[in-house]
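A.B. asks: Protein sequence lines, in the order shown, are assigned to chains A and B. Position 171, counted from 1, in the first sequence is what this note's numbering calls 171; the numbers after and before it change by one each time, with no gaps. Position 97, counted from 1, in the second sequence is what this note's numbering calls 97; the numbers after and before it change by one each time, with no gaps.
No lab work stands behind these hints: they were computed from the structure. Predicted model, so just to flag it, every value in this text is computed and none were measured. We put the CB at the ideal spot given by N, CA and C, even for glycine. It cannot be assumed that every hint is accurate.
Said to hold, decoys possible - A partial selection of chain B residues facing chain A, derived with a Cβ cut-off under 10 angstroms:
#1 Phe8
#2 Gly10
#3 Leu21
#4 Met22
#5 Gly47
#6 Val93
#7 Asn117
#8 Glu119
#9 Trp123
#10 Arg164
Below, each chain spelled out in residue letters.
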Amino acid sequence: MTKRQITYSLFAQTILLLLLYLAVYLLGAVKFLGDDPLALSLPYQQVNGLANVLLNLVILTGLIASGMVTLNSGNDATENMPLTYVFYGWTALLIVSVLLGVLDLLAGRFMFELPVWALVVMLAFLIGFVVLIGRDVTTWTSVPIVWTAGMTITILAFALGLFSSGDFVRDARLATVALGLRFNVGYILSALALIFWLMRRFSNVREAWAESGLYNLAGMLALAGVLVTLGSLHILSDDALVRTIGNISAIFTPIVYLIFAAHSYRALSDRNSSNTLAAHWVALTVILWVLGMAVMGALMSIADVNQWVQGTRLTDLRLSLITFGVIAVILGMINQSVSDFREESRRITGLMPFWMVAFGIIGGGVALFGAGIVQVYLERILTVGYLETQTYMIPLYVFWVLGLMIVSFGLIFYALGFWARRPVNIGE
Amino acid sequence: MQGTRSFFAGSLLISGVLIVLMLGRVFAPQDVPDAVGDGYAVWQENGCIGCHTLYGQGGAYAPDITHIYSQRGSGYLSEFFINPGAFHPDARVMPRFGLTQSETDNLLAFMAWIDGNDEVSDWSPRSIAVSGMGGLGEAVTVANQATIVDADPAVTRGRALFSRAPAICSTCHSLEPDITLVGPSLYGIADSAGTRIAGVSPQDYIRESILNPGDYLVDGFVDVMQKNFAEVLTSDNINDLIAFLMTLEDALAQGEGESE
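Whole structure, please, built from the sequences with the hints as guidance.
C.D. replies: Below, the structure written as structure tokens:
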């Protein structure tokens, strides 16, 4: 296969996995609404495990494909056998992972749900992709360096999952660090590199500005992500240093993400004549990350706040905001890349899917935020029982599910646009 | 450009140092007993973390059960593992996992270890109950159900305590005739308690049944009631519960008597 075919196939896999993820996630969300006829035949933990695996595979596949575009142009029409073998292996892993989830054979660990052998295979393919993509980089500018750093941190974070022990508390600490490194640092760094690559496509910002801006922001975001991650350890380890790190994070993280927002505003306010929707998707990412990291991440770094909210729907909301932010960048990359593959400048996947996804995520997020506040107030402060509290939260869950349904429909339209405007020369 | 690249490299270096520093501080493994380790394996194999949280870590579909061992006790939990659906039939139903006796014992050892682990800070600030009404329940009971505000304040308090933490008797005991949840229905307990053991007053019978549930076991029921009410309830709590239970007369039997 040519690099162009592999890139396009990985994008197609990303969209398929994303649709599957949303279907499974929606099924899990519907279970919060009350009577569940599938409670025993398809219990929540099975649905939740599969959703978690799919979410990570969506992001990884999308980041790899986007990395091929940004680091290697992705439009190379020559055969690339090593990359082809890794691509086939990755495709097989995706199928096996979905089957493991459907057959309820996931590991039930909270670092990553794949069984250890599948995790090892996944790590091998990830390393293969990063090495093969990096091998063809001609000039190591800021985008390839930051993307590679993000992927390397992600791989290391997954590798931490191999060190599970018989001690739950130690595992929980390790999982907190592994999850944090992945979601707060690794994914964000790789996506940030893509954002700056896209800025150069939709904006008039100069190369030197983008280069220095990416390095500076990547450094600060990495540090903020690590501080947020380590600060959240305080529940599992009442250590003075952990509390101090959390308090520093509460001040440092909002400042860093506001600087990121200012950079994005600079690029978004100086648009060039590009007709793709990359700028729209980047703007959505900025909003989601500012909410997820600058507001919620910073607040949850404070021990006296987090001890009341940890394990409530607010924790889930924060993770959703970050992950949907990364997914929005990937959707923007797909939009831009397919336009480039077609050697034209057009919207490709349409404005309607964008607005549906944006409204669905933000609307559903507001409902989940409301549910989280209700849960904290009733369950944690007034000590109303968990089951009764969940009953009070059902009206808010209805709006959350509606939001997810709008996102799902938006992505179906996005996928239709992706298929309808596929490049005719992709097989050449 | 070199300066900004160095800044990025420096930030990654500082981040790495922080991670390594924390790894050294908080990741030293504890000496975990074999049964606890085996119980943790049962926990993982059955995907419990997908629904429940421990110390707030895990899924959000089912309650945080960090302190469920001290809240419920091993007898209750053993029974719960056999048929979870019988305990909260109107709420989210937990599947049966078909645990063997040794798996159950190991899981209980794990839950006890989690409950008493002093390495972890006091999670959470206030007790998290699986079911039963806390502050809101009291507000609802008093404000919206004025018809059952009793002349004796102890009865009102006992009524609230019956369905709220830390006792939550309503999880296992119905107040309707002939409805068995886990333990026997308490319908008519005020009349039946005095007839159960010769020479024992109804109040003493109820008190003993709360503090030492195995002493006066009702025929057809096994001893699974939690055994730590002496620790989790004050003597005033128990007096209030008794006051409430002593209002539960057998109206059906009295009606039959009157008609005769």
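A.B. asks: Using 10 angstroms as the Cβ threshold, decide whether Leu21 of chain B counts as touching chain A.
C.D. replies: holds, 8 angstroms
A.B. asks: Can you verify the interface hint for Phe8 of chain B: is its Cβ closer than 10 angstroms to any Cβ in chain A?
C.D. replies: holds, 4 angstroms
A.B. asks: Is the interface hint satisfied for Glu119 of chain B? The criterion is a beta-carbon contact with chain A at less than 10 angstroms.
C.D. replies: holds, 6 angstroms
A.B. asks: With chain A as the partner, please determine if Gly47 of chain B meets the hint condition of a C-beta pair closer than 10 angstroms.
C.D. replies: Status holds, d = 4 angstroms.
A.B. asks: Under 10 angstroms is the threshold here; is the Cβ of Gly10 of chain B close enough to any Cβ of chain A for the hint to stand?
C.D. replies: holds, 7 angstroms
A.B. asks: Using Cβ atoms only, decide whether Trp123 of chain B comes closer than 10 angstroms to chain A, and label the hint accordingly.
C.D. replies: Because about 6 angstroms separates Trp123 of chain B from the closest Cβ in chain A, which is inside the 10 angstroms limit, the hint holds.
A.B. asks: Does Val93 of chain B hold up as a contact with chain A if the rule is Cβ-Cβ below 10 angstroms?
C.D. replies: Because about 5 angstroms separates Val93 of chain B from the closest Cβ in chain A, which is inside the 10 angstroms limit, the hint holds.
A.B. asks: Next item in the hint list is Asn117 of chain B. Is there a CB on chain A closer than 10 angstroms to its CB?
C.D. replies: holds, 6 angstroms
A.B. asks: Would you check whether Arg164 of chain B satisfies its interface hint, that is, whether its CB is within less than 10 angstroms of any CB in chain A?
C.D. replies: holds, 7 angstroms
A.B. asks: Quick check on Met22 of chain B please, does its C-beta sit within 10 angstroms of some C-beta on chain A?
C.D. replies: holds, 5 angstroms
Checked against the numbered hints given earlier, the structure satisfies every one of them.
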